[in-house]
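Mind docking chain B on chain A? Use the hints.
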Amino acid sequence: MQKQITEANFRLLLDSLLFKGQRVVGPRRSGGTVLYEPLASASDLVTDELPRRSVKEAFFPVCEDLLEYRKEGQQVALSDVTAERFPETVLIGVRPCDAAAVPVLDAVFSWDYKDQFFLERRARTTIIGLACTSSDDACFCSAVGLSPADPKGADLMLTPLVGGGFLVESQSEKGEAFLETWRDRFAEPDGTQTQALATPATQPFDLKRIKAWLDDHFEDAAWDSIATRCVGCGACAFVCPACHCFDIVDEGSEKGGKRRKFWDACGFWKFTHHASGHNPRDLQPKRYRNRIMHKFKYYDDKFGQTLCTGCGRCIRVCPVGIDIAGVLEEIQEKG
Amino acid sequence: MQSDTVDTSCHAAIAEAVRTEARRILSDGTVTAVIGYAASRRKGSTQPIVITSVDDADKLIFSAACVNNLAVYLTKAKKDVPRSGRIGVVVKSCDLKALVGLMGEAQLKREDLYLIGIPCTGVLGSVLQPAALLTTASIASKCCECTDRLPPGCDFVPSVQLPQQPRLEQRYTDEIARLEAMSPAERWEYWKEQFSKCIKCYACRQVCPFCFCEQCLCDRNRPQMVEQTPRPAGNTAWHLVRAMHLAGRCAGCAECERVCPMDIPLNLLNRKMARELKELFNSEAGFEVRDKGPLNSYQDDDDQSFIR
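Protein chains in written order, with numbering that gives the first Met the number 0: chain A, 0 to 334; chain B, 0 to 307.
Next comes chain A alone, as it looks inside the complex:
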């Protein structure tokens, strides 16, 4: 279904949602940076800046409790977190590179094990995407098969109109239901043109050719030249909308504490450190190779898609200027 909404009605709709007690999460200024956080009013919503961290944390938080334990005498009492308590949420202003990562994560979190923490949040969330009208030279969504207006992963897609307001297109039953619930706020499209979309400068990658090279070059001198400079932090993985590795620890004392799940990253030395002391990825280039292999080969082998949506965040935050789009160009030339 296709509708249209004025800027004023859009803001009113947001305030109505909040007034009803609906949890609305979207890009908002938080300290010096923009993050996806719960909005307190429509005016909190930032529509002209890509949030520093991706939207994955709406389903896969930086850190969450899995259970609580308490020891009294010889008895240990465990209490589970009930996933049903996660609130119904409207995620708004989600960039196409972020929204497209959500179905990518769906596949991982519902494959051999159904992760109730991820899936329950996912079931309770409606995603309203927002097409991009500007980009920078770190953006490369169009190089990995997406676009600044790609609706993948969104339940509703907003595209800014010339002169203000948005064209609204539903992409799923959740989106249809949202349009139906708030039908008074929307109007029929009157033919107003949408604003010019962003034009990321990167040429489309031949992902098949890149994968073919990766299939045959687990061992290659190129890994050293590409990744010797990598310092082994987790910044790239942590800001990535599609990276999803995590660790689980028990924190607390003998008397009581919590089991927690939190973000982990393949760039860390500790990531593959075995209890025996052996580390199969003992040097940084091997760890960076895993990052590229996972995104452009292993994930494709298993789920038939790429684990990268071209948001460019890893490029912007890398302490040593490693540019994944540049790395892919280099690999493509070899393939």
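Treat the hints loosely; a few may be bogus.
Below 30 Å or equal to it, Euclidean Cα-Cα: the simulated DSS-like pairs (lysine-lysine) are [to be verified]:
#1 A/K333 - B/K58
#2 A/K269 - A/K257
#3 B/K42 - A/K210
#4 B/K196 - A/K260
#5 A/K269 - B/K78
#6 A/K333 - A/K294
#7 B/K78 - B/K58
#8 A/K70 - A/K207
#9 B/K42 - A/K285
#10 A/K285 - B/K78
#11 A/K207 - A/K151
#12 A/K254 - B/K78
#13 A/K257 - B/K196
#14 A/K210 - A/K151
#15 B/K191 - B/K271
#16 A/K285 - A/K210
#17 A/K269 - B/K42
#18 B/K78 - A/K333
#19 B/K42 - A/K333
#20 B/K75 - B/K277
#21 B/K291 - B/K277
#22 A/K301 - A/K207
#23 A/K296 - A/K207
#24 A/K257 - B/K191
#25 B/K191 - A/K269
#26 B/K108 - A/K296
#27 A/K260 - A/K113
Honestly, the hints are just simulated from the structure, not real lab data. A quick note: this is a predicted structure, and the numbers were derived from the prediction, not measured.
Below, chain B alone, put in the same frame as chain A:
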């Protein structure tokens, strides 16, 4: 404050001189490798590069986006960077102080290095937009308070005329004064908020030349020393452990602050600690190799007022 452009016209001559020198020392066998900066894909962006052949010397560049402290590649935390024979390394003054500190801590020997010093007009505070013009607003905070634009004691420094620098705000000094004027409770609130932003990506640790421990306290899990999860308790413990470990050692390169994806002002803590060490022990990071730091040596006249 109105933002003025910083004159960076000497960068082209610096880059050319670095390339010529790298070619010379690689071809005559003075060094086996040179660690410097190369251009990256995005307009204006740069990345560290290790070159071992004369042909690659043309890749070396210098610009205001050459922000990295390359000393990190000479630490044992970066074991995979080829390190046989003498290594050439491009250094700004702040980076050189870190190398000098590492020599004092027996991590490096001066004779194993060939130092290519950069006459420095300052670098960008952030490379989120690497092609940004260097101005009094975009310049790194560390550069605003730098008094060592020419690195001393290097094997080679391009001879260029450094331009007059425009007036710069002393951002750390001002911010430390603002925080010191607060009550301890207000100051605690400020840092609690800053640390709450931490996502434990450890980029601060990984770029720090002084974070060369083979096993970081924060990675220990038998027993666990510091909560590993990115929550207030563990975050605060991590940043305080780091500030204390760096007290009297931090050379002020500010890499920790630059690379923080959550914009935590980490070098502010380091500058405050450096100031404490200067006041208490008359000790500060400089260009002279010292084999004893203020916190690992004892003198009769050390301040003992903290013992009550």
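Mind listing which of the numbered hints don't hold for this structure, in increasing order?
8, 12, 17, 26
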